[in-house]
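**Student:** Note that the protein sequences, when read in sequence, are chains A and B. FYI, UniProt numbering numbers position 296 of the first sequence as 296, with every residue one higher than the one before it. FYI, UniProt numbering numbers position 250 of the second sequence as 250, with every residue one higher than the one before it.
By construction, these hints were calculated from the structure, which means they are not laboratory data. Just to be clear, a hint being listed does not mean it is correct.
[Claimed, not checked] Straight-line alpha carbon distances no greater than 27 angstroms define the calculated BS3-like cross-link-like pairs of lysine-lysine that follow: (1) B/K198 / A/K260; (2) A/K280 / A/K201; (3) B/K113 / A/K418; (4) A/K263 / B/K171; (5) B/K171 / A/K266.
The residues making up each chain are set out below.
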Amino acid sequence: MKPRPKLAAAALAVVAALATPAVSACTAGTENAPAKPQSGSTPDRTPVTITMWHGFVADNELKAFDDALAGFHRQYPWITVTTTKAVQDDQIIQASRGGNPPDVALSFTTDSVATFCKTGIFQDLEPYMAASKVQESLFPKVIAEYTQYKGRRCVMPMLADTYGLYYNKKLMKGAQPPKTLSELAALTKKLTVRDSKGDIKVAGFVPSSQMYENAPIHTGTMVGAKWTNPDGTSAIGGDPAWKKLMTWQKDLVDWFGYDKLEKFRKSFGDEWSADNPFMKGQVAMAIDGEWRNAMIASDASGLDYGTAPVPVADDRPDLYGGGFIAGTVIGIPRGAKHAQAAWDLVRYLTTDTDALVTLSNALRNVPSTLPALQSPKLDKDPNFQTFLDIFASPASSTLPAHINSAFNQQTLQEAQIKWESGRGDDLDALLADVDKKIDDKLKLTAGG
Amino acid sequence: MATTTLGRRGNAAPVPARSPRRRRGLVALLFLSPWLVGFGLFFAYPLLATVYFSFQRYDLFSLEPVGLLNYRYFLRDEAAWTAIRNTLWLVAVMVPLRVAFGLGVAQLITRLKAGAGFFRTVFYLPSLVPLVAGTLGFVYLLNPASGPVAAALSALGLPSPDWFGDPAWAKPGLTLLALWSVGDLMVIFLAALLDVPKQLYEAAALDGAGAWQQFAHVTLPVIRPVLMFAAVTGVIQTLQYFTQAMVAARVASGGTDSAGTVFVPGYPDQSTLTFPEWLFHQGFRDFAMGYACVLALILFAVSMVFTLILLRQFRGIEEEA
């Protein structure tokens, strides 16, 4: 059959014509320039309804958050907030890209902050803070590291998470919580119980990086380990602290036997249920966040336990008292339709002492401003106080916002699993490989 | 053919008329237009856009031309090459095993004198189970600490491997899962086997052919087109293998979704990392969308090559038939 150029051309023209709107729809997002922030609050009190997306799911969380929003509505009766629950970061990103974001969005992870700030998914909040005279000094210094990226603050902290050591007083048999890694190892060996076949029945402590909250992001603070250099490249291979931590972990894993420890770990129930191994008495000591206090109160109220800062490297006693800090962040997406009213809500939820204390008392998260930490209305008990102290400690640290935050953590964790399982036996080579992968990825995504 | 009409001054001037051929072309175009629209919107445009984005640093919001950076990164991205090896392993092992197992089960069911309907249902049902639920169930069954398979092996005095926690056993574990849900293939093979003319078997039996010879010289040649269909679709599906690998790794790693912890894809040691899974992570976790486009183009090219090879084989079989 002879080709028919005219027909083919017509067909192509039809396709091209139909494809054009699709092409134009795929440009790089909509750019709604943020309105210039007014001083303080909304300039007029015209009734307005704003939308907010958050990730809360559990009934107690939703109730606590609704209570906080009710407090906001009392202060700002002309602003009504409608919320959407169980929202993840990728939904926020897609909505911003599609030009139909909520007025306010909340994220549970700080891993996306660099992306939020760099791409402008969330608006720069500095002008709003300046207009409202919100001072940086309201927050502990460490918070600045995970709420801004390269000098651009695009989110505010709403409650914080800190990590410490939980210990089961009955299983500890009178022993005091360890303060150094050597003490932790010795106590672990002393408290571990095995059956006649050598299988673990009770572990003093599970040193594996695969244990629920033992990810390197949380354990790195025990040795003061660094993740990145100021230029964003990897500092992991060049920092002897990581080698120290991983060697300590491997020694203890080997004492258990990797296979035995894995079999024991895989017998655990869900971390977020009443089957959590610490709450069931399967482990004597565990690293966990402050929220575990609320879960124990709810699901294992008979558990006699205590809390303490995480043990630290023997040669770094100065680190004791600190821990890993991160938290929930909240901001105003680009394209928000009621940015000024949205700022009123963000400011209320992140700086109002009563709002933060109400949320903290209900959710048992750490309030993220210094005045809220000092509030007499804040419910304090010795176990929760530990986490307030960790939050206020100058030895505490966070993972600074990085454009490849999740990739960097994944790469180090892969190396840790290889190392502790014995499937990688050259730690220097493993860490050098981590550096190479992180640096290569940085060139790919940020040109660094 | 042309008609004439009078010009303004009454001169006859030739005017091209719509020829039937041209009209037929337009009608054909009209009938083709739904396909053309679909082709343009869902194939041509995405393909061209993917090629364009593969030369950009694209984080879903901003574009920056970077030349061949994404392609150069692919060459030294060890995880991508591991994912390619894993995916090819699954194609080479899982697809033939699924075809063989599905055919074997179908063959056995055709031989049953009673209860064929029951066994057909039993073997077909797993293929109706949602992928995530099926994978969760399998990881639970094979859990070395609390799974019933480990308990049964232990009762027999046999060791139980850490199926989804040991890099050497993770892909075989996924293959077992694929064999468990072979019902979709089994039903197709069953229909093909029941279609083989009985007289061919009778003639072969008269010639003294045994069961194996009947299978090799009667059954297989007749159902070859169906086998080829199963192979082609199996290869294409396996090149896109994603959900089961992702769910098994996530559950077996014990990874939580809490803030501050990240999922390690391909757990353990990237042994279950498949190419589409790595592509997904690049695009939608790391927002390296330009690089994800490079991976997508490679997946497209490999799928095309596999499909063309298999279709050529298929055409050869049809011509023989």
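**Student:** Mind listing which of the numbered hints don't hold for this structure, in increasing order?
**Tutor:** 1, 3
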